[in-house]
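Peer 1: Protein chains in written order, with our numbering: chain A, 1 to 573; chain B, 1 to 288.
Note that these hints are calculated values from the structure, not bench results.
Accuracy of the hints is not assured; some may be wrong.
Unchecked claim - Covered by chain A, according to a simulated footprint, are these stretches of chain B (three or more residues, beta-carbon under 8 Å):
| # | stretch |
| --- | --- |
| 1 | 34-46 |
| 2 | 51-64 |
| 3 | 79-86 |
| 4 | 89-97 |
| 5 | 100-113 |
| 6 | 203-214 |
| 7 | 222-236 |
To be verified - Some residues of chain A that are not near chain B, with every Cβ distance over 10 Å (derived):
| # | residue |
| --- | --- |
| 8 | Phe19 |
| 9 | Ile48 |
| 10 | Pro60 |
| 11 | Pro68 |
| 12 | Arg69 |
| 13 | Leu125 |
| 14 | Thr446 |
| 15 | Gly498 |
| 16 | Asp541 |
| 17 | Thr542 |
As the list claims (entries may be wrong) - Now the in silico label distances, taken between C-beta atoms and shown as ranges:
| # | chain 1 | residue 1 | chain 2 | residue 2 | range |
| --- | --- | --- | --- | --- | --- |
| 18 | A | Phe364 | B | Val111 | 26 to 36 Å |
| 19 | A | Ala557 | B | His101 | 20 to 30 Å |
| 20 | A | Ala308 | B | His90 | 26 to 36 Å |
| 21 | B | Trp134 | A | Arg301 | 40 to 50 Å |
| 22 | B | Gly272 | A | Leu65 | 52 to 62 Å |
| 23 | A | Phe364 | B | Val37 | 25 to 35 Å |
| 24 | A | Arg480 | B | Ala269 | 33 to 43 Å |
| 25 | B | Trp134 | A | Thr474 | 33 to 43 Å |
| 26 | B | Leu82 | A | Ala308 | 32 to 42 Å |
| 27 | B | Thr57 | A | Leu261 | 30 to 40 Å |
| 28 | B | Arg165 | A | Ala308 | 55 to 65 Å |
| 29 | B | Gly226 | A | Phe364 | 52 to 62 Å |
Just so it is clear, CB atoms sit at the ideal spot from N, CA and C, and this is done for glycine as well.
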Amino acid sequence: MSGDHIHAEPTGFLRKHVFSVDHKVIAKQFMWFGLVWLLIGGVMAMMIRWQLANPGTPVPLLGKLLYPRGDGSVPPDGYNTLFTMHGTIMIFLGLTPLLIGCFGNFCIPLMIGARDMIFPLLNMLSFWTVVLGGLVGFYSLFVPLGAAEGGWTAYPTLSGNIGTPGSGETLWAIAVFLIGASSIMGGINYITTIVRLRAPGMTWGRLPLTIWGLFFTAILNVLFLPVIGSAMILMVLDRSFGTSFYVPATLNQTGGGDPILYQHLFWIFGHPEVYILILPAWGIISDLLSFFARKPAFAYRVTVGAMAAVTILSAVVYGHHMFTTGMTAMLGESFMLLTMIISVPGEILFFNWLHTLWRGNLRFTTPMLFSMGVIFVFGLGGLTGIYLATIGTDIYLHDTYFVVGHFHLTMAASSLFGAFAGTYFWFPKLFGRMMSEKLGKLHFWTTIIPLTIVFCTMFISGYAGMPRRYYNHTDLPFLRSIQHLNVITSVAAFFLGGAQLIFAFNFIRSRWWGAKAGVNPWQVGTLEWTTPSPPPHHNFDTIPTVVTGPHEYSHPALKDRDWLPQTENLPVA
Amino acid sequence: MNARPSGRSLRARRPAWLASLAALLALACAPALSAQVVADRWGPNPPASAEGHRVDTLFWLITTMISASFVIVLLLLLIPVLRDRARPGHRASYDHGSSLHDKRFTAIVSVIVFIVLDASVLYITMRDLREVVWNIPRPGGNTYQVEVLAQQWAWNFRVPGPDGRFGTSDDIVTINALTLPVDRPAVFNLASKDVIHSFYVPDMRVKRDANPGAINQVWFQPAVTGNYDILCAELCGYAHYQMHGTLAVLPQAEFEAWQQEAGALALAAWDGNDSEANWAWEWKENTP
Numbered sequence: 001m002s003g004d005h006i007h008a009e010p011t012g013f014l015r016k017h018v019f020s021v022d023h024k025v026i027a028k029q030f031m032w033f034g035l036v037w038l039l040i041g042g043v044m045a046m047m048i049r050w051q052l053a054n055p056g057t058p059v060p061l062l063g064k065l066l067y068p069r070g071d072g073s074v075p076p077d078g079y080n081t082l083f084t085m086h087g088t089i090m091i092f093l094g095l096t097p098l099l100i101g102c103f104g105n106f107c108i109p110l111m112i113g114a115r116d117m118i119f120p121l122l123n124m125l126s127f128w129t130v131v132l133g134g135l136v137g138f139y140s141l142f143v144p145l146g147a148a149e150g151g152w153t154a155y156p157t158l159s160g161n162i163g164t165p166g167s168g169e170t171l172w173a174i175a176v177f178l179i180g181a182s183s184i185m186g187g188i189n190y191i192t193t194i195v196r197l198r199a200p201g202m203t204w205g206r207l208p209l210t211i212w213g214l215f216f217t218a219i220l221n222v223l224f225l226p227v228i229g230s231a232m233i234l235m236v237l238d239r240s241f242g243t244s245f246y247v248p249a250t251l252n253q254t255g256g257g258d259p260i261l262y263q264h265l266f267w268i269f270g271h272p273e274v275y276i277l278i279l280p281a282w283g284i285i286s287d288l289l290s291f292f293a294r295k296p297a298f299a300y301r302v303t304v305g306a307m308a309a310v311t312i313l314s315a316v317v318y319g320h321h322m323f324t325t326g327m328t329a330m331l332g333e334s335f336m337l338l339t340m341i342i343s344v345p346g347e348i349l350f351f352n353w354l355h356t357l358w359r360g361n362l363r364f365t366t367p368m369l370f371s372m373g374v375i376f377v378f379g380l381g382g383l384t385g386i387y388l389a390t391i392g393t394d395i396y397l398h399d400t401y402f403v404v405g406h407f408h409l410t411m412a413a414s415s416l417f418g419a420f421a422g423t424y425f426w427f428p429k430l431f432g433r434m435m436s437e438k439l440g441k442l443h444f445w446t447t448i449i450p451l452t453i454v455f456c457t458m459f460i461s462g463y464a465g466m467p468r469r470y471y472n473h474t475d476l477p478f479l480r481s482i483q484h485l486n487v488i489t490s491v492a493a494f495f496l497g498g499a500q501l502i503f504a505f506n507f508i509r510s511r512w513w514g515a516k517a518g519v520n521p522w523q524v525g526t527l528e529w530t531t532p533s534p535p536p537h538h539n540f541d542t543i544p545t546v547v548t549g550p551h552e553y554s555h556p557a558l559k560d561r562d563w564l565p566q567t568e569n570l571p572v573a
Numbered sequence: 001m002n003a004r005p006s007g008r009s010l011r012a013r014r015p016a017w018l019a020s021l022a023a024l025l026a027l028a029c030a031p032a033l034s035a036q037v038v039a040d041r042w043g044p045n046p047p048a049s050a051e052g053h054r055v056d057t058l059f060w061l062i063t064t065m066i067s068a069s070f071v072i073v074l075l076l077l078l079i080p081v082l083r084d085r086a087r088p089g090h091r092a093s094y095d096h097g098s099s100l101h102d103k104r105f106t107a108i109v110s111v112i113v114f115i116v117l118d119a120s121v122l123y124i125t126m127r128d129l130r131e132v133v134w135n136i137p138r139p140g141g142n143t144y145q146v147e148v149l150a151q152q153w154a155w156n157f158r159v160p161g162p163d164g165r166f167g168t169s170d171d172i173v174t175i176n177a178l179t180l181p182v183d184r185p186a187v188f189n190l191a192s193k194d195v196i197h198s199f200y201v202p203d204m205r206v207k208r209d210a211n212p213g214a215i216n217q218v219w220f221q222p223a224v225t226g227n228y229d230i231l232c233a234e235l236c237g238y239a240h241y242q243m244h245g246t247l248a249v250l251p252q253a254e255f256e257a258w259q260q261e262a263g264a265l266a267l268a269a270w271d272g273n274d275s276e277a278n279w280a281w282e283w284k285e286n287t288p
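Please model the entire structure based on the sequences and the hints provided.
Peer 2: This is the structure in structure tokens:
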């Protein structure tokens, strides 16, 4: 099955570089696409931070261009659009394409020893659907009566015609629907490929943990993206076709809908989405920590089990987003208990990562630094989740900057660090050239220090009671007294944003002018490092036969090297 | 996978492990204490409601425990970073962590983490929830009822006049200004005219969404007289950030004087045909 040569190498430019069905080309397309959107979403974050630190003052450089009618400062509705689109773009168009689209496409066939994805055409369709979704989303910024302003959560009735008359919100919903459809196509492809196309000997117990992470993510994508898709269809019907699924009878004579229905649908998807983004990052760093500690991953099966447990639990905890909505005591307490249980598999993952490093032979490469960065950042983010899982404290902290700090550390920063680790690690295999290690390490330290300041300051301002999604925090005396925290956050955020230019420079320069990479520059044993960099169209000259697990490092009987490819038998001690 | 022959290295060090764990717990008090300094400087005002201190107590309990956990994680990260960096002649230990001993160790740590971190917090918050949050005082007796109708971008409050009943001509209707008597439980019946808002009084440590089409309840008992901010915590559109009100908590005698005066004004201005001004609803008793 896996030995088949699925499709011939194309010769025309369009077939080769644009409408390609080759998983490696699609992976690169997803990567460029994700990076461009991360840049756009990042610039929006900078504008948000500018507004919060200097409310109502013209935005330098961009202000006059984006808001030509005023003095170049962000208007209140423009501010709402900024954080709405920042969230949507970063989650759906930045991190998802980069972590899942790029690494899923690139790593799955190469790491399991296949020639391509099982459905190459579906794979291409998945990419072009997300492009269409991105274009619709971008176009929504420039329509009459205004862009989307309802937050990335888009709660009705604010996101209905009552709250947001502009057609931008309708286009936003259509864009999210399209992006969701793309993720479902990708998910089906990933699951089927992993189940059906593993090379001979690549048993479930020999799969790299990266693949396990992507596998669980694909399952969540297939199960829960349809829910957000349905929620978006109902929203479009409400907005454009006069239905009232989300409009209560008190506001609309024609029907008795319920705005809370949307919140349930949204979070049934929305909570798994957090794990959709973090599971690939967990998988990647579980592998990378072992690779660069030159030590087998500690308790491989337990790590897989913990990721599986998180995958299952992620589907039954969504109610913790709605503790102030008006839940019954029984529901609230159930969701609180289930949420708390997630801390057990979470703690086991930390335990295994730290144990993998223990008595290793640590090589502090850039991918290693970013992987260890995930331990630090996710540690901060995960532990602060306990405040928000606990109803007693969540009621006070809900919708304050505390929540903003928490979810940025977990789903945003940790996923992004995983994506950076993966980018530095697989760049030589993707493009055949090395990224600069010196710039990479500079990028790491100039990212993690301001990032910690940005989000930990948010914890302090959130605890003080600063609400999120406020255009201006200087109106009230008690908020004005902590406005300097906003200034600290913003200054650190500008450093954080600036540091990403180091990455952009390193990426572009290395792509065309970096040092040539050999077959296996990191000296690791997974299958993608047995084939040239970049791999040929058909990936492997002969489909490899796998005989060992992915993490065989520092075996005592290995004399001249400390690693073993998955295609070689363990030496006899 | 090759199992490690035995878990000797860890087992031999167990007393050392326990001793260092105890030291770490002591050490973790340092970040928790420094966090207390942060709170004194930048934290919220002390709670002004009778039960608000419960939120702060829980907050600091969690802070202490996660500080301890995070210090442990950082030290376990720092030790290999300092001790096990790659160097010529150095080799990692070949350990898959798949021995029975390792699994047992993982299980024990998980149980400890769940009991220490989660179960204690769960116990306290469940107690608080049942005694305070879910335990909304019944109408009548000492309970002071308030109807809150949120709208873009203001808080409409309706309280009974001197006759103590809703839906009569002396009902006091105010915008963005609420007056409450001290030391009496106040129950808020929340709804919204348009989009979802969230009734947030930081100094009382409460927050509850005001949804269109449904009535939500929240309560607290003001314990300290003074003026407090009422904010909207749920994004509600263009002027979300300007949707504030003021809560004045008065001593009982002053409150009664205010109620007489405001009730008389309401009676004088009452217009039975002005349906816009006469919003009120029969909130159900004991709505959860």
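Peer 1: If a hint holds in the structure, say so; if it does not, say that too.
Peer 2: Each hint, compared with the structure:
1. 34-46: It holds, with 6 qualifying residues against the three required.
2. 51-64: Three-residue rule met by the stretch 51-64 of chain B, so holds; n is 5.
3. 79-86: holds (count 6)
4. 89-97: The restraint on the stretch 89-97 of chain B holds, since 8 of its residues have a Cβ under 8 Å from chain A and three suffice.
5. 100-113: As far as the stretch 100-113 of chain B goes, the hint holds, because 6 residues have Cβ atoms under 8 Å from chain A.
6. 203-214: holds (count 9)
7. 222-236: holds (count 7)
8. Phe19: Per Cβ check, Phe19/A is outside 10 Å of chain B; nearest 40 Å; holds.
9. Ile48: Ile48/A clear of chain B: closest Cβ-Cβ about 13 Å, beyond 10 Å.
10. Pro60: holds (23 Å)
11. Pro68: Non-interface label stands for Pro68/A: nearest chain B Cβ at 20 Å, farther than 10 Å.
12. Arg69: Its Cβ never comes within 10 Å of chain B, the nearest being 16 Å, so this holds.
13. Leu125: Nearest chain B Cβ is 35 Å from Leu125/A, so the label holds.
14. Thr446: Correct as stated: the minimum Cβ-Cβ distance to chain B is 19 Å, above 10 Å.
15. Gly498: holds (26 Å)
16. Asp541: holds (29 Å)
17. Thr542: holds (26 Å)
18. Phe364/A x Val111/B: 26 to 36 Å: 34 Å Cβ-Cβ, so the 26 to 36 Å window holds.
19. Ala557/A x His101/B: 20 to 30 Å: At roughly 23 Å between Cβ atoms, His101/B and Ala557/A fall inside 20 to 30 Å, so the hint holds.
20. Ala308/A x His90/B: 26 to 36 Å: With a Cβ separation near 35 Å, Ala308/A and His90/B satisfy 26 to 36 Å, so the hint holds.
21. Trp134/B x Arg301/A: 40 to 50 Å: Hint holds: Cβ distance 42 Å, inside 40 to 50 Å.
22. Gly272/B x Leu65/A: 52 to 62 Å: About 56 Å separates the Cβ atoms of Gly272/B and Leu65/A, which means 52 to 62 Å holds.
23. Phe364/A x Val37/B: 25 to 35 Å: Check passed, 34 Å falls within 25 to 35 Å.
24. Arg480/A x Ala269/B: 33 to 43 Å: holds (35 Å)
25. Trp134/B x Thr474/A: 33 to 43 Å: Holds: the Cβ-Cβ distance is about 37 Å, inside 33 to 43 Å.
26. Leu82/B x Ala308/A: 32 to 42 Å: holds (34 Å)
27. Thr57/B x Leu261/A: 30 to 40 Å: Since Thr57/B and Leu261/A have Cβ atoms about 36 Å apart, the given range 30 to 40 Å holds.
28. Arg165/B x Ala308/A: 55 to 65 Å: holds (59 Å)
29. Gly226/B x Phe364/A: 52 to 62 Å: With a Cβ separation near 55 Å, Gly226/B and Phe364/A satisfy 52 to 62 Å, so the hint holds.
Taken one by one, the earlier hints all hold for this structure without exception.
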